[in-house]
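S.K.: Sequence:
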Amino acid sequence: MKTGVIHRIARALALEKNIKVLVVESILLSLSFGMFIVIWQPFVLSLGASMAALGMLGAIIRLLGSSSSPVWGWLSDNIGRKIFIILSNVFRLTAYILCIIAETWIVLIPYSVLMGLSASYMQFNPARASLVMESVDVKERATAYSVIMFASQLTSGIIAPIGGFIALIFGYKPIFYIAIVTELICILLTKILIKETLAGKREFKLNSSGLDIKAVIGLFKPDPYLRGLYISAVVDAFAWGSGSAILYGMLVKTYGFNTYQLGLMSTVLSLSWAITQIPIGKLADIYGRKIFLMASEVIGAGALIGWMISTDFTSFLILQILYGVVISTWVPTTIALLTDLAPEDIKGEAMGRLQIFRGILSFPAPFIGGILYDIWGFRAPLLLNLLGAISALFLINLLIHEEKQ
Numbered sequence: 001m002k003t004g005v006i007h008r009i010a011r012a013l014a015l016e017k018n019i020k021v022l023v024v025e026s027i028l029l030s031l032s033f034g035m036f037i038v039i040w041q042p043f044v045l046s047l048g049a050s051m052a053a054l055g056m057l058g059a060i061i062r063l064l065g066s067s068s069s070p071v072w073g074w075l076s077d078n079i080g081r082k083i084f085i086i087l088s089n090v091f092r093l094t095a096y097i098l099c100i101i102a103e104t105w106i107v108l109i110p111y112s113v114l115m116g117l118s119a120s121y122m123q124f125n126p127a128r129a130s131l132v133m134e135s136v137d138v139k140e141r142a143t144a145y146s147v148i149m150f151a152s153q154l155t156s157g158i159i160a161p162i163g164g165f166i167a168l169i170f171g172y173k174p175i176f177y178i179a180i181v182t183e184l185i186c187i188l189l190t191k192i193l194i195k196e197t198l199a200g201k202r203e204f205k206l207n208s209s210g211l212d213i214k215a216v217i218g219l220f221k222p223d224p225y226l227r228g229l230y231i232s233a234v235v236d237a238f239a240w241g242s243g244s245a246i247l248y249g250m251l252v253k254t255y256g257f258n259t260y261q262l263g264l265m266s267t268v269l270s271l272s273w274a275i276t277q278i279p280i281g282k283l284a285d286i287y288g289r290k291i292f293l294m295a296s297e298v299i300g301a302g303a304l305i306g307w308m309i310s311t312d313f314t315s316f317l318i319l320q321i322l323y324g325v326v327i328s329t330w331v332p333t334t335i336a337l338l339t340d341l342a343p344e345d346i347k348g349e350a351m352g353r354l355q356i357f358r359g360i361l362s363f364p365a366p367f368i369g370g371i372l373y374d375i376w377g378f379r380a381p382l383l384l385n386l387l388g389a390i391s392a393l394f395l396i397n398l399l400i401h402e403e404k405q
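Quick note on our numbering: the sequence shown kicks off at 1 and runs consecutively.
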C-alpha cells in the first residue's frame, strides 16, 4: 500500500528517470549557492568596489552567459547533455577558487568570466534544461522543472541565514570552500548516475578553419516561431537586471543591512518561491503558459513599488514573498513554453538562443542600474525596473501566441 502511494506521488511530481538525481543535485548546490548569493554583493563591496563596478561584474556574467549559451546548446544537441553539465560545474568550481584568493575586486573579473561561461545564470544552462525536459513526458515538463526548483529554493531558504551568520562571524571564505565541495560532489553524481537523454548524435561539419562558420552564425539567428517570446524575455531581463539584480548591494549601502539580514530576506524569498513553485507549474501544465508570464510581471510591479516606498528591514522582508512568486511564475513557465514551441531536434539550440538574446541585449542593465544608484540613489534603478516590467507585460500579451498541447 505504502509503495503504491509513494509511486503515485512520484508520478504526480514527475519524479522519474533523471529527475530524482537532479533533485538531489539541486539540493546540494543550493546548500552552497543559497549562502553564496547572500554574501556575494557585500563581498564585492568589501573589496572596494563601487555600485557601478558591482553592476559591471553582473553585466559580464550576463553577457558571457548569454553569448555562450547557444554554443552550449548546439554542442549538447550534437555530443550529449552530461559532458556540458559537468563542464559547467568545473567552471563554477574554478570561479569559487578565485574568490578565495581575491584581495581586490579586480580579481573578480575572471570570476565573472567563468561564471558567465558556465551558462548557468538562473539555472538556465541549456544542456541541463534540455536533459530535464527530455526526461519526462510533454505534459509533465513544467511540473518536473518546478519540482527541481522547489527542492533548490527550499534548501536555499533554510540555509541562507546560516550563510549570513557565518559571514558575519567567520568571514566569507568558509562559504567558498563549501561551494567547491558541493560542485565536486555534483560532478561525480552526474558522471555516475545521470542517464544521457540525447537520442541521436549529429555529425559535425568542419572546414579548414574548424567548425562550419555558417552553422555557428546560424546559432545566433532568431527563430521566427519564438520571436515574441524572445522580445518579451529581453525586455523582462533588462528590467529586472537594472534594479532587483543589485538590490542587496543597494540595501547594504543605503540602509546598512548586514549579511544576516540579507540571509533572512533570501530565506523568505526562497520559501515563497519554493512553496508556490509546484502548484504554479501544475497549473501552467493545465491552463497554459502565457497567463502566468503576465501574472509574473503584474506581481513584480507590486513588489517594485513596495521596495521604492519602504525604508525598514521588516517591510523589505515581507516584500520578498511577492518577489518569490514573481520568479516561480516566470522561470519554469518560460522554459516549458519554449520547449513546447521548439522542434524536437534543436531544443538545446533554442534555449541557447533565448539566453543570448536575453543576455546580449540586457547585459548592460546591472551596470546602468549601478550608475543610476551612484547618481540619483536607491529609487532610480527600481523606477527603471518598474517601467520595464510594465512594458514586458504588454509585450507578452501582444506577441506571445501559445500552442495548446
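Quick caveat, the hints were computed from the structure, so don't treat them as lab data.
Glycine included, each C-beta is placed from N, C-alpha and C at the ideal position.
There's no promise every hint is true.
Claimed, not checked - Below, a list of computed lysine-lysine pairs in the PhoX-like style, where the Cα atoms sit at most 20 Å apart:
1) K82 x K195
2) K82 x K191
3) K20 x K173
4) K17 x K253
5) K17 x K290
6) K20 x K82
Stated by the list, open to error - Across the chosen pairs, the derived CB separations fall in these ranges:
7) E196 x T104: 17 to 23 Å
8) Y287 x I100: 45 to 51 Å
9) K20 x T311: 42 to 48 Å
10) K191 x P224: 18 to 24 Å
11) G171 x I375: 28 to 34 Å
12) K173 x L193: 27 to 33 Å
S.K.: Could you run down the list of hints and mark each one as holding or not?
M.R.: Hint check results:
| no. | hint | in the structure |
| --- | --- | --- |
| 1 | K82 x K195 | holds (8 Å) |
| 2 | K82 x K191 | holds (7 Å) |
| 3 | K20 x K173 | violated (31 Å) |
| 4 | K17 x K253 | violated (46 Å) |
| 5 | K17 x K290 | violated (28 Å) |
| 6 | K20 x K82 | holds (15 Å) |
| 7 | E196 x T104: 17 to 23 Å | violated (42 Å) |
| 8 | Y287 x I100: 45 to 51 Å | holds (47 Å) |
| 9 | K20 x T311: 42 to 48 Å | holds (45 Å) |
| 10 | K191 x P224: 18 to 24 Å | violated (38 Å) |
| 11 | G171 x I375: 28 to 34 Å | holds (32 Å) |
| 12 | K173 x L193: 27 to 33 Å | holds (31 Å) |
Hints 3, 4, 5, 7, 10, counting from the list given before, are not met by this structure.
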